[in-house]
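On the provided structure of chain A, position chain B as indicated by the hints.
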Amino acid sequence: MRKIKLLLSGLLFASLLQAQETYPVNGVADKRDGCYAFTNATIVQNAQSTLQKATLVIRDGKIIAVGSSVTVPKDAVVIDCKNKFIYPSFIDIYTDYGVTTPQRQFGAGGFNFNQPAQIATATKGPYGWNQAIKPETDAYKMFSVDDAKAKALRDLGFGTVLTHVQDGISRGTGTVVTLSKEKENLVILKEKASAHFSLSKGTSTQSYPSSLMGTIALLRQTFLDAQWYKNKPAKEGINLSLQAFNDNLSLPQIFEANDKWNDLRADRVGDEFGVQYVIKGGGNEYQRINEIAGTKATFIVSLNFPQAMDVEDPNDARFVSLADMKHWELAPTNPAAFEKANIPFCLTTADLRDPKQFMANLRKAMEYGLTETRAMEALTKTPATLLGVYDKVGSIETGKIANFVITTDPIFSEKAVVLQNWVQGNKYGVKEDAWSEAKGTYNLAITSAAGTNTYTLDVKSNNAANVIGKDTLTGKFSFDGKMVKLSFSTTPARRGAPAGAAPATGGAGGFGGGRGGNPSQFRLSGVANGDVWNGFGEDTAGNKLTWTATFVSAPASDSARRRPSMPQRLSKVTFPFDGYGWEEAPKQEVLLIKNATVWTNEKEGKLENTDVLLKDGKIAKIGKNLSDASARVIDATGKHVTAGIIDEHSHIAAASINEGAQSVTSEVRIADNLNPEDVNIYRQLSGGVTSSHILHGSANTIGGQTQLIKLRWGANDEELKFKGSDPFIKFALGENVKRTTSQNNNRFPDTRMGVEEVLNDAFARAKDYEKARKADPNTRKDLELEALVEIMNRKRFITCHSYVQSEITAAMRVGDKYGFKFNTFTHILEGYKVADKMKVHGSNASTFADWWAYKTEVQDAIAYNAAIMYKVGLNVCINSDDAEMARRLNQEAGKTVKYGGVPEEDALKMVTLNPAKALHVEDKVGSIKTGKDADIVIWSDNPLSIYAKSEKTIVDGIVYFDREKDLEQRKKIAAERLRLINKLQGEKRGGAPTRPAEPSYQIILTCNDHSHSHGLITLDAEELENK
Amino acid sequence: MKKIFCNIAALMLLTGFAKAQETVYPAKEYKGRLYITNGTVHVGNGQVLENTTIEVNDGKIVKVGAGIAVPQDGAKVVDAKGKHVYPGLILPSTDLGLKEIGSGVRGSNDFQELGDYNSNVRSIVAYNTDSKITGTLRANGILLASITPEGGIVSGSSSVVQLDAWNWEDAAYKMDAGIHVNLPSFIIRGGRRGGGGFPGGPGGGAPSDPSRQAIDRVEEIKSFFRQAKAYLQEPVHKETNLRLEAVKGLFDKKQKLFVHGDQVKQMLIAIDFVKEFGFDVVIIGGSESYQIADLLRQNNIAVILGSEHSLPSMEDDDVDQPFKTPAVLQKAGVLFALNDTHEESRYRNLSFNAGTAATYGLSKEQALQAITLNAARILGVDDKTGSLETGKDANIVIADGDILDMKSSNVIRAFIQGRDVSLDNKQKQLYERYKYKYGIK
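These protein sequence lines map, in sequence, to chains A and B.
No gaps in the numbering here: position 25 of the first sequence is 25 in this note's numbering, and each next residue is one more.
No gaps in the numbering here: position 55 of the second sequence is 55 in this note's numbering, and each next residue is one more.
Next comes chain B alone, as it looks inside the complex:
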């Protein structure tokens, strides 16, 4: 492996650097058997199996257990002795492939469309499989992601993709899995003393009633769905309405409604969506979800938490509140997943967000489940992935240490649908290039 890097680096010096990552190829389909032997298998459902072998056939897991015989017939064998084997990690809501350069380069951004009710807008058609970022996620064990449009009130539909593909049609793992709604804020915006800050004047003018405005806005959103319901009951339409047609899956329960909001009142509105429309509702954000965990469980509402690595909402809050929120949800029995929305490290720290949750109240396996099986359940792909169980796709990560801890988490192999995917990426290539320059071993 090391040698190859050096050669690549040498090649790059000759051919010019701009093409660097273009030599990272999506893996070819792998037919036949694959054995990952004798690893410490973290199933993703809470179980840890020591010294266990995973047998894969044509990209599916067919057996997981100790003492599985490995035939000497040329089947691919990966020795995982002393290694940790994990399900592929899932980034449950992200602008990966839609936003390449966050700031200052409008041309590289395709995550937010004009208009308020864009239910018909589909993230999958803009998803760029050649994003330079994707390779850095694979290298940290993230093998699937839900690509989410942003902005407006109804942003559009998200799709689940696998992160090793030639184009978006190859990448699609579950198309148009959910519709995304952004709820209005119920909190007054305003200024306050800034520790004796720049005196721009506090507040200024009586604050309007944000609750009232928000409720009006929510009524408008509900009215959209009521009209959609009526429209969808009509057998033949004189005039086609793409926006209303696009939410059919919500009523058929083939899609989930992803409601973006952090505030308690926003989450109460989400509960109301369940009650009025019977949708499968998932909250994305949910920084205040620990306040109403019981209510969320009673209403079967799942939560995709925002980044663990956030400051507490309020200066009086427990300094570690965001770190321990997952433990509160776990205890209450809420189905939740963890996310990494950090713009600057670009989502590759998903497993460390889980590690933090493990430091503050979750067990390590619960924390792992929150970025694997729970995420799969929430996204509606748990029939295919999320855990290392028979019948599922062989989406597998092998690390030489605890994947939740940066000190020890080097991912050494990864498989998507049994395909041995490249862990190379632009950053590793640049690393090799400059090791070469300086003669570093």
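Bound conformation, chain A alone:
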């Protein structure tokens, strides 16, 4: 046994817990300065510098010397760390250690059509108006040491954490504390070290915001309000929330985003206000690592990798998406993806189901490419620097706090054991019994009255040993660093285990049965004292005996361990990260479509046997017998070619749709929460849709700002946007905004009388606001009113959900009063009753082909509505408002031929050119005209027919949907699903823990106007939010 004099140090180490000066002494003063010298250690000072056979000296909780030739002070307790490793202890930058995180009440704080709204904050005191904005929260004021939780982190090697109250959108400040169990006064290293934000309103019971885009809008307005508050406007009085928001701006700003797209959304809000957030990611950043790198943010990366799902039952496996299975496989590549992209990051234990998984998951991340150097930095220097405490923690250097761990092996290796974790100069044992490995051979002498027998004791580990006499005998052995126990039989087991094998779990069975009276079994216990163990014992016959074991030699060291290598075959990251995503994005092509029936939507009308040349993303030529040497030729003989379908009213491709908590929410923007991975983009491409106008829902009178997109499947959220289009906004009238289905509505308005006044009042305020801003630029900037001012100045345009004639007329009159027009009335099922008035007002109409009777305000809806409005001379569009119907909009246009006899070419315009006009993009899309965008569909049949299928859907000259390639893709999806299902089953057979297969529900967003046929595995987003 090697030198273990240090073991006693544990006993010497009495309460070093330093009391503060101000505390009275009860009893006899016991001041010690806790000077220790750790000698002969391998000291990893930081990720770059490692000292061999070095000494570390600490005193009063600080490092006073470290190096290879350090003089050990006389008063130092010397701890020999031969073969041991010393590391700076880790820092976890994302915890709620020692503060309580309030829990959200079930179902509270959402918006629901059937529940009353909570309009005002429930927080008492001179704070801001919104309950989820609480920058005044200071973690250090409520921090208290929680040693049970501290121990869990110390055991992993952590010594310092940043903790904050994880509740709300603006969450206040975080504080840096050590994991020592001293008084809080001494544990806090930096009171206010960070300011925290998230996209979750947490326990706020206030209705606003009820959506992601509302949350972002609230953040944006809070920035503006805080800037405005700097001048202490008298009208605001004292607002401690805005005060704190301003005060906290000098701190590092940490944003919990938890998802790749949310990371980008958070970063963009920061960019608007000159703030660079540190972003806590969600583990899926590897799926969009280029965009993530573009944020220039430092990231906080969790090691929470999804557990394998149990997909044994094919019925269960059926509903697990390929994307979820791929994420299971690829999640461990996430840290390495950050490293490869050269994005600075910290690692955290946050989100782990059990913190004990941390090291195992970290090693897994290393198998998948993360280097030790970067892991070390991510756990020490990066977080310390970020929090401005690198002068105190994060490396082993003179002057820093004595926060370090002692391990048996290099800390990231699988066999590494954390022996001790020293925090502020105090030792916390972790697994001290592993300090002295008993491994090796010993001379064992057992002395009884009958004399002395000698054996060789071969200790394999602290739990296994063989006793070698005439035979090799397997003993039952344990060594806990101090106490030794050994029992063995002098005769080998009848069916003895082979030499060297660890003992079986059984007790007596391992010792050949030990028949009653057989004296040949020994039971020994004793104490280790350096290389010599002494003790006493008894044999089966009851004879007392003493024994001594003397260390002879250490075992030959293990050969170099095989480093597990990265698994050979992994899924590829596709764009989007869906089954139908691209491994390689499709390219813009020069395409020559030959011999088609071309529906130009121009004065040329429908051209037979005509060619269309697409080049540089534009329609280059239309005519007969065109040729272009660089073009890929598509034979479209017998096919029909039309402009791409434009859906004036869609709710796909967004993360939230309704900010329904207030009647006026013109500050919210669909653009803030586009979701380019919605598979409905691809599905709608298969139905010939090339552009969609993504609208806010119809929960309130003045809804949010809309976003026109092109269905560029695979693009990111920014690239999805239709460039250079006019900004629009959604309004709504009637039943939804007066919350007809609610039995206890308390949100104004409750009638159409009130709806009109909401409009009247909003624009009256906007008008006053505009004047006030012009007169005094210090007037508070109000994003809600800004959008309304834009409308009055004809810089933003309205598309207004509406049904009955009274409300349509009333809305137009409000527009007349304030000098703007309602650009488009959408749904407009009673448009036929006031088509003449709409024509005078100058509105477009965007309607359903044949919907009606799903609620009171559509009782008079008729399928002839489009035809009448068309005949009166309105610009009429047919829209979907439905992710399913959108892929059959061509057929919906066909219904206007049936109901009211609209000529075929004009019917097609209702889903192509007319919506382009209504959206002010008819100079770019909507018809087949030279110079317009190459947004084109090739149909198998007359596009108004039920029998027509889109064979190719082209956006910007890029073929995004190709029916033949789609068939290949289905096969690929099937093959990849099979591979992953097999792999998951292998995981289960291999004994890995699994969780039940979880169906990959698709969240479908709707305007909440009506029901939808969206299939088996879909969830209504509101259902989720109100769960």
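If you're looking for bench data, these hints aren't it; they were derived computationally from the structure.
Any given hint could turn out to be false.
SDA-like cross-link-like pairs, simulated, lysine to any residue; straight-line CA separation at most 20 Å [as the list claims (entries may be wrong)]:
1. B:Lys441 / A:Glu964
2. B:Lys324 / A:Glu964
3. B:Lys275 / B:Asn182
4. B:Lys437 / A:Glu964
5. B:Lys441 / A:His841
6. B:Lys364 / B:Leu335
Since the structure is predicted, the reported quantities are computational estimates derived from the model, not experimental observations.
Quick look at chain B alone, frame taken from chain A:
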């Protein structure tokens, strides 16, 4: 016809608009002969007969063929030359007449009763023949429907009605034709990432085992039927149990058991109902039926598919899966019907659902059969309707184009039991009213 509309519109301006549809009358019984001549007759069983005449007597089809002599004795003759003649379309499971205004008007809704085991509840007694919706279905060729109660575990009985009647007793075509059972879900409910959606927290808590719960629930349902069987074997009852009595027809094979479910495991349970009780079982929904089409055929289980016009169940599914599911069932030999359950267009697109199935693998005649003869077979009324064959009721639709394609499908005449039914409806009347306002021709 056009003139009449104008007059009606003018009249309405005088009398107030609320009464509009009330001028659409159910057709009177037609006695005697009726000839629909020289049309392209889509029989409903897959056959198409060109230039064919249908002879009807006292509401029944007596002859279908070419060269049928049309007497000049005042018999009613409808020239269908150049037109398409179809059997009346059948909406095979619907809340028509039970749910007038879907949202926000509780008083207009009678489709769902309280309680779990409502086998004795009968949809027919609440069926409103004056629903404003019915006229829009007739105008699209839908002449019969099976009116289905919803909710609970056993929802009650459905009845087949014809869609041109003064009251429900007139409308009844086959009373209490089937009992409806809703099977529990075998799929875990839960949240997931929503493309970076609103972070409400994923899932939350370990999911319970839905399969276990569902199986317990199914056992409870089976126990209900076992008790019913025992009760029905008892010759005299001391205490009457209406719920148990109501399912007698299932054991006598006079009623069918309609099992509502989409999932494979639900359909396997339906098969088990056949095996244990010997019921005639029909699945309603069946979006996953294409996965086990062979099993369904082997067990003689018919399927009424939900709307074709649905999104695929899973993001990885073929984008056109719901469109092509009928073709899979057809190929496997499963008896199936198509349905339109779309709440917003209110079921009038039944024929276009069939059109979609025809685009994705069925022949047009197979698609038509799925909304006519197949539906009649499944509902147990194929002895009376579902095809244009001798002996059946003269439930006939004449269209001036392909009824499966919206571009060309204008229904111009319809007959129920030989009665020349009105194709007028509230929507057409409003159309006329506003054509009048704007002076549109």
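Hint check results:
1. B:Lys441 / A:Glu964: 46 Å, violated
2. B:Lys324 / A:Glu964: Satisfied, since the Cα-Cα distance of roughly 16 Å is no more than 20 Å.
3. B:Lys275 / B:Asn182: This hinted pair holds, its Cα atoms lying about 18 Å apart.
4. B:Lys437 / A:Glu964: Roughly 50 Å between the alpha carbons, so the hint for B:Lys437 and A:Glu964 is violated.
5. B:Lys441 / A:His841: 24 Å, violated
6. B:Lys364 / B:Leu335: 16 Å, holds
Against the hints set out earlier in the document, violations occur for numbers 1, 4 and 5.
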